[in-house]
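> Chains A and B supply the protein sequences, listed in that same order. Heads up: the first sequence runs through residues 1 to 914, numbered per this note's numbering. Heads up: the second sequence runs through residues 1 to 914, numbered per this note's numbering.
FYI, nobody ran anything at the bench for these hints, they're computed from the structure. Warning: the hint list may mix true and false statements.
Note that the list lumps identical chains together, so a pair holds whenever it fits in one copy or between two copies.
[Stated by the list, open to error] Below, a list of computed lysine-lysine pairs in the DSS-like style, where the Cα atoms sit at most 30 Å apart: (1) K840 with K818; (2) K838 with K155; (3) K818 with K230; (4) K366 with K840; (5) K21 with K885; (6) K589 with K491; (7) K830 with K809.
There are 2 protein chains.
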Amino acid sequence: MIHVAKNIYRFGNGVADGNGKMTELLGGKGAGLAEMTRLSFPVPPGFTIATDACRFYLSQGIFPSDLSGELRESLAWLEDVAGKRLGDPKDPLLVSVRSGAAVSMPGMMDTILNVGLNDECVQGLAEKSGSERFAFDSYRRLLQMFGSVVMKVPKEVFDSAFKQISQSEGASRESEFSAEALRRVVAVFKDLILEFGGRPFPQNPQEQLSMAIETVFESWRSERAVFYRKLNGISENMGTAVTVQTMVFGNRGVDSGTGVGFSRNPSNGERHIFGEYLCDAQGEDIVAGTRTPTSIGQLEDTSPKLYAELRDLVAQLERHYRDVQDFEFTVESGRLFLLQTRSAKRAALAAVQTAVDMVEEGLITKREGISRVQPASIAEILSPQLDLHAGSPGPLAHGLPASPGAAVGKIALSTSEAVCMAGRGESVILVTEETTADDIEGMAVAVGFLTARGGATSHAAVVARGMGKCCITGARAIRMCDGDAVWIGEKLLHAGDWLSLEGSTGRIFEGQLPTRAASSDLPALNKFLSWAAEVSTSVVRANADTPADAKAALAAGAQGIGLCRTEHMFFAPDRLIAMRAMILATDVKDRIKALEQLLPMQQTDFEKLFRTMPGLPVTIRLLDPPLHEFLPSPEEIDVQIAAARKDENWEQGIALEIERRHIESLTEVNPMMGHRGCRLSLTYPEILQMQVKAILQAALAVAGDEKAGFEPLPEIMVPLVSSEEEMSVLARMIRETADEVFARQGKSIRYTIGTMIELPRAAICAAAIARHVSFISFGTNDLTQMTYGFSRDDARTYLDYYLENGIFKVDPFITIDKEGVGYLIDLAMKQVRMVNPKIKIGVCGEHGGDPESIHFFHSLGVDYVSCSVARLPIAQVAMAQASQKADAQYQAKTEAASGQLAAQDELLSQLSRA
Amino acid sequence: MIHVAKNIYRFGNGVADGNGKMTELLGGKGAGLAEMTRLSFPVPPGFTIATDACRFYLSQGIFPSDLSGELRESLAWLEDVAGKRLGDPKDPLLVSVRSGAAVSMPGMMDTILNVGLNDECVQGLAEKSGSERFAFDSYRRLLQMFGSVVMKVPKEVFDSAFKQISQSEGASRESEFSAEALRRVVAVFKDLILEFGGRPFPQNPQEQLSMAIETVFESWRSERAVFYRKLNGISENMGTAVTVQTMVFGNRGVDSGTGVGFSRNPSNGERHIFGEYLCDAQGEDIVAGTRTPTSIGQLEDTSPKLYAELRDLVAQLERHYRDVQDFEFTVESGRLFLLQTRSAKRAALAAVQTAVDMVEEGLITKREGISRVQPASIAEILSPQLDLHAGSPGPLAHGLPASPGAAVGKIALSTSEAVCMAGRGESVILVTEETTADDIEGMAVAVGFLTARGGATSHAAVVARGMGKCCITGARAIRMCDGDAVWIGEKLLHAGDWLSLEGSTGRIFEGQLPTRAASSDLPALNKFLSWAAEVSTSVVRANADTPADAKAALAAGAQGIGLCRTEHMFFAPDRLIAMRAMILATDVKDRIKALEQLLPMQQTDFEKLFRTMPGLPVTIRLLDPPLHEFLPSPEEIDVQIAAARKDENWEQGIALEIERRHIESLTEVNPMMGHRGCRLSLTYPEILQMQVKAILQAALAVAGDEKAGFEPLPEIMVPLVSSEEEMSVLARMIRETADEVFARQGKSIRYTIGTMIELPRAAICAAAIARHVSFISFGTNDLTQMTYGFSRDDARTYLDYYLENGIFKVDPFITIDKEGVGYLIDLAMKQVRMVNPKIKIGVCGEHGGDPESIHFFHSLGVDYVSCSVARLPIAQVAMAQASQKADAQYQAKTEAASGQLAAQDELLSQLSRA
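Just chain A, with the same shape it has in the complex (with noise of 0.2 Å):
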């Protein structure tokens, strides 16, 4: 069959014009049935019109001028293949007239079946198939579809006179209808399609064709069809397909039936045909939800040979498409017709499941399998869920979703309280209004924690995916009380009341709803994990600033650290009373002295922190964070002023109020963009040098344990620097007192110097502060936050606006901004490069967990990301997918390349022989 026609592309006994690669001219359902049809799979024949002519039907209001011609021999040709006519008063052939893009749009565009059928007709098709139910059941869905689609007749219309009629008749579904009463339905019909349609239903099939096909091009520009296309991003000028295709009538009896399956079991992977099926009905009907399908494995038992014969050709079809498909099927009389076949969507357990199934099967390469899952599908499955059914409460309120899995747990409304409750076993979420750094006690016990403000990057967002629990933050509908309850929503709880969060969604619930597990044992997924780092180019490492988060990490495979900020070891009660003297201190003396009290402890911390990262290196961030957060807030040292005055303590009371005043001097309008960072070690030079002290003293020190054998690899970081001028001066201040320890213990070990590029001006003058660095790692968290002049703590109120609005496509907290933020780290990469090829590069602010983020980075290359331990899986996963992305555009490339270099040798060859 050689394609002669240029707007139609038929299909049919085995031959196609088309091949299931041409999804942009034929859309994807005549793309797959011109694939099937080749594939010699059991596909009714037919033609599709290509979107070209949709197109230019669009545009231009009418047909293309070859199509009609185009028509007439396709509509012959097909007449030929199908042994029947269409019109004919005997034999009349009938057909279905859909629609179909290239993207799928699922409903969103109109579908015309039993085109043909006429009031002569009806009586052929009647005889021929020797059932009047049957032809005129047909004839009133043709009436139905045509009348409402077409003809614009309201849907209403319909239904009511069918429900008079099925009412008068005492059927109470169509299956029990008449003959005589689906006789007296038609009759109906096409009165009420000249009252509602202003004219009367056309009689000549060639006329329905034509309207059908009209019909199916403008309903590309129906209301549906373009906000959903809006939603979804979808090209307003790609048109649909409109594909016209023999009838096949699973209408006809007992023996006919019409069933939607998938391959595999779509919630789980499990290895069966999973679907539904349907006896005597045509396919819209499992849609309509009228009756109740049956299992599709039911068919196993009434009707065994159809069954085996389904299942050989799903296997055919995974065979083929190498992929889990979703496909409907329709049976005229026990024969069996595929209509549809696509990539079947399905549930995060199975999408990780079938994909190694089908590698172990062969049916795919370990690098399709990895490409087959995506990363948001490992948290879900790496997280618990609230069980929830149809009886389950609904929510009390709705929060934003900061970080997935559920928690269930009572209420605290205080750190304090958190840590006393959870002191007696309970478990225990966490309500604030929003969290500090001061909470971070009572975030370590609680099961999960609930914020009336703050957003996705918010405090306690950030740290509820670096502890991996369930939060939701930003929940307007809470209200704190005074005292010991929260309103939330219309309810009133108190401390101790049960609540059930559910992360993924933001819904709060209130009681005690039961979870099912994380499936994190789950043999597939360890098998896909280690397959993901096989694959993967660059290097995922981990936040982590304890021994235990160290621990977590390599055991989710971490490469490393690419962070541990050194200030969350500061917040224990013992070290809080020396940092809090060594910020109080009124001179370098004293500040030494605390300073000193501080050293041997940090030096623990890091020695833990090596020895649990075996020969990989380990980030260490020098203090970041403003003293103030460090301090007692001026309302607590109040009480406590309060306190010594009411006991008379006279003496305590003046010091309390000289301490307020100092703390009171430390608070800044802006502490984001205050003194923090680098700015500290420049203006107390000691708390670096006690630091810088602490991290090689450790290092040597487990470096000399016999038993660890390895040296570790320490890897010192600056934050904050805006200027070639701070790093210098502060990489030779790390120098000398690495000198200074090294001499001392008459002993060196290697180490390296880095800084965070985490300000736009450090973007700009990156390739001058490289010169005093071995490695630079991007704070995304503030170069986001600078770039844009957002405050994480604030944002809220507007960025969610922002979202809702369509303003911003996506959160620039969570994926990476392209266009503004990664500007600045294209142009710092690109300039650090070419000053120092050998540097290091990371990323280690919160899109290092992103996927979208991931690829962006790996695509300029970056060495590492480093993200939070509950985010390891992901970040692997989508590192993978990135790396085997640009390893197989390279291919294309090269196989580009090869094929012009084939075509000159070709040419070259022709020219010397001519």
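Here the structure of chain A is known, so what remains is to put chain B in place on it, guided by the hints.
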């Protein structure tokens, strides 16, 4: 005279090897002497050893091999010209050996006079001159200078010996010394040199000369010279020239003497010679201050002929050098010699006066006149100054010089106190921890502000410069006490006590010090500023928020308003009530009602603004600050709540509680990066609509007013845009509101829409943003904050440290950071011009009033800068100078190009002849 030597350049008898342009090679002094010689000024002959030789000496430790030969030849030449020979026992040639670098380093390097005398020659000199006193005075001067400078004998050794002899002589000063006494001094000095210098004074005049030259070379790297160069950013590699010049003797009796002077008064520019003269003395006597010189003017009476000669010579010097001259001269036995001349340093007033005078005298062009005045001088002239003198008290404390001028007033410790005191007609200085928007009223009535916190760009500083008032910020020695007292340094002062501030130095004085008024009515200044406006190629506009500001701006020559901050219109008490009602409205209806109250007020403001700027553009920025700036603080509400409870007014108490909660919910962690700018316009579109209505209705009203006779040019500016999406939505909202206004009124007016580029992302994405606007204006304050991650309100603690420790050379909030922030500005401008070559580009941050920054902006090609009214003259002068510099560079390029062309032509014609 044809120069053949490599290292030495001779001058004398009206001819010279060098000339005035050869400062790099001959130093300022050598080049000046060569030039003066060529012009036949009476200059003692001599020769200059070029800086090349010094550099060679400094790097190799020896004289260049050919130097001694050249020295011999040059000396022989000099002896011929002078008619005397070095070391001639009968009539010895004496010379001075002087340092002189290309850049003036006054007093930093060495000079030795009277070289050539020894025990024998001194007798000859005595006989030849007929004065033993003169000869031995000269010899003891040589011994003293050579001994201390060349032979490193401590100066004090000579001084104490000299004192002893003068006591024994009963002479109070050296002119009273007898020849015998001077002989004794010579003998003692020689002994001292042997004792402290370790060897006898060299009797060989050749050796004296050689040692003196070497010492001058060495003095290039003396500690004080190195320090001075570091301080002034002078290159270490230049080296000094050495000038060897025939001595002329001011110490030859009463018809001899020495003097220094200015061709015009360096304090006020008056056109007469100004300076000092010392009879019977050598140059160093004036510097030493042992004798009190007389005014040069007195010569007119005492030596009218000499004075006339000097006056004519100085007039010639001015004509030749086309600038005010600072000259040194010596009179030897009634004969006048010039020893040095250079352009004179002058005070601000003199700079302007002499520039204008010299232009009007036809001595220099207008363009030259403009380049002669530092923009900072204008600020100095325009502010009153404390009239400090020797008896004035010392300052109590220091702060940062945030806004220049002087302020003398009584201390007010709060805005309400300031308003109250000012109401009683008192002059008030507002002294606070720091100021906020709430203090505007107090700032409006105060004559100056003093704050304990904040930096050069804090709220107080910015407002002060805007108001042209004196301000000192960040005075850490200030501690506010509870009640009505404040510690300033060691002194406890109370409200109502007198205080005096010196804004240009940051000094704080107790009491009511006298002031000198500003010289703003100076005719020369007005003329100067009008010339500046004439030559500027970019425009200077003013930041003006009120009609009064606008009026002052117009008077000061502003060419439009570049920034009107509409929020400043909301702080008046009657408006603040409506503003608060608007903010605290819980639904859109109430908000619109409150806005409707504000609309007529804003409209009236804008009408006045337009009327004061006839036909000039007025850029109005939509509401920018976070809303909580307009609300009372929670603490204020607490006071009201307590009062309500005391009165048992429970209902009001509850209402206040609710208000307090609302206010708290608007509080932000980092307000600078919070819910402000265009984010307000997007989330509260009704605010934008009100403002746009007010602007356009005002413009229509003024345009319709026949008396006005012009059409206003409103430019609506959207602040804090970070993305194209925001700008496109807002531009549409503005246009829609405008269309409504025009439709309702049945008439329209021209207006433009623009945006501020003040976030790094806006600069990066400027091309996309620019598609929606007609102008952009760089908000360099916020852009600097975000690019560095420095909060202006908090940065002082570390920024001061950076500046003090040389980590930063300049404060990026005062002078634009070209490398980082400047990169973003440049990037944005290039993109924007590419997309829209006609777009108007301005700068409206603080940097718009900083000369160095203005040069940078001009070099990038901005259309205008906008600055506070007080800084307008400075900006105008800086802009004029930048324009000329650009023009000069263009001319230089053109000349170079035409020179190249001529050379090519020449080459071609040579070739054609060949």
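> Hint by hint, where does the structure go against what was stated? Just the numbers, ascending.
Per hint list: single violation, 2.
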